[in-house]
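Kindly generate the complete structure, drawing on both the sequences and the hints.
2 protein chains.
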Amino acid sequence: MANYTKTNVGKENRVELHDLLALTGAEVSINLLPAGTSVPFVHAHKQNEEIYGILEGAGSAEIDGQTIALQEGDWIRIAPCAKRRFFAADHTALRYLCIQVKENSLTEYTATDAVIGETT
Amino acid sequence: MANYTKTNVGKENRVELHDLLALTGAEVSINLLPAGTSVPFVHAHKQNEEIYGILEGAGSAEIDGQTIALQEGDWIRIAPCAKRRFFAADHTALRYLCIQVKENSLTEYTATDAVIGETT
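Protein sequences, first through last, are from chains A and B. Everything in the first sequence is counted per my numbering, starting at 642 for the first residue and increasing by one. Everything in the second sequence is counted per my numbering, starting at 642 for the first residue and increasing by one.
Read the hints as simulated data drawn from the structure, not as lab findings. Model, not experiment: these values are computed from the prediction. It is possible that some hints are incorrect.
Identical copies look the same in the list; a pair holds intra-copy or inter-copy alike.
[Claimed, not checked] Heads up, simulated DSS-like pairs for lysine-lysine below, C-alpha to C-alpha not over 27 Å straight-line:
hint : residue 1 : residue 2
1    : Lys-687   : Lys-647
2    : Lys-724   : Lys-687
3    : Lys-647   : Lys-724
Put into structure tokens, the structure is as follows:
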């Protein structure tokens with residue numbers, strides 16, 4: 642069996658990759674909030690850290706009651722317990738990634754986890 | 642202390658978010674391979690699953706000797722042991738995300754991990 646899985650996402654309002662790619666260490670979603678809309682609820686997490694990346698557009702996040710302006714290139718880490726809600730700006734959609742991982746689960750990475758091989 | 646950390650990434654060739662955002666469950670890098678270039682080595686991992694997302698451009702990946710064409714919107718999960726190397730196309734740069742997480746570390750997510758709150 643191949644040691645990889647692959648999919649392609651288009652312009653859907655939400656795509657969740659966990660089941661599509663058989664992920665075991667994260668859920669990753671690609672999200673589009675149309676201009677003037679928001680996620681309809683506040684949420685927090687039990688175990689999972691969330692990492693949000695803004696791919697296109699602008700908007701804001703409310704985190705524990707504080708409003709944070711968002712633009713393309715912004716990346717945010719939110720602790721599990723924080724209450725969060727995302728909003729698109731009135732004039733433009735907000736396209737963003739959400740990466741959900743178990744807090745404190747990473748034990749090594751990059752230089753300590755990689756095995757560098759031959760180039761040919 | 643705020644329950645979030647935030648940064649903004651520009652057009653650098655590589656940005657690593659782990660230390661910038663104090664991540665505990667993932668390393669996330671945003672990478673740009675100029676047209677006609679590649680990562681200069683093959684690598685695998687000891688513990689970590691990698692999830693790659695193509696943000697812009699085109700190119701290819703070699704995974705265990707197999708060549709896979711890549712375009713915007715493609716997402717790939719690669720098992721720790723697989724030998725991988727990424728290439729930009731000759732005519733265009735390849736801009737991509739790499740998410741590194743510990744294989745089998747996610748125990749619950751979304752519906753089972755979320756705590757839905759009040760909207761106001």
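Right, here's what the structure says about each hint:
With identical chains, the CA atoms of Lys-687 and Lys-647 are at most 27 Å apart between copies only, with a shortest distance of 21 Å across copies and 29 Å within one. Taking the shortest Cα distances, Lys-724 and Lys-687 sit within 27 Å of each other inside one copy (11 Å), while across copies they are farther apart (35 Å). When the C-alpha separation of Lys-647 and Lys-724 is checked against a cutoff of 27 Å, the pair qualifies only between copies, where the shortest distance is 16 Å, while the shortest distance within a copy is 33 Å.
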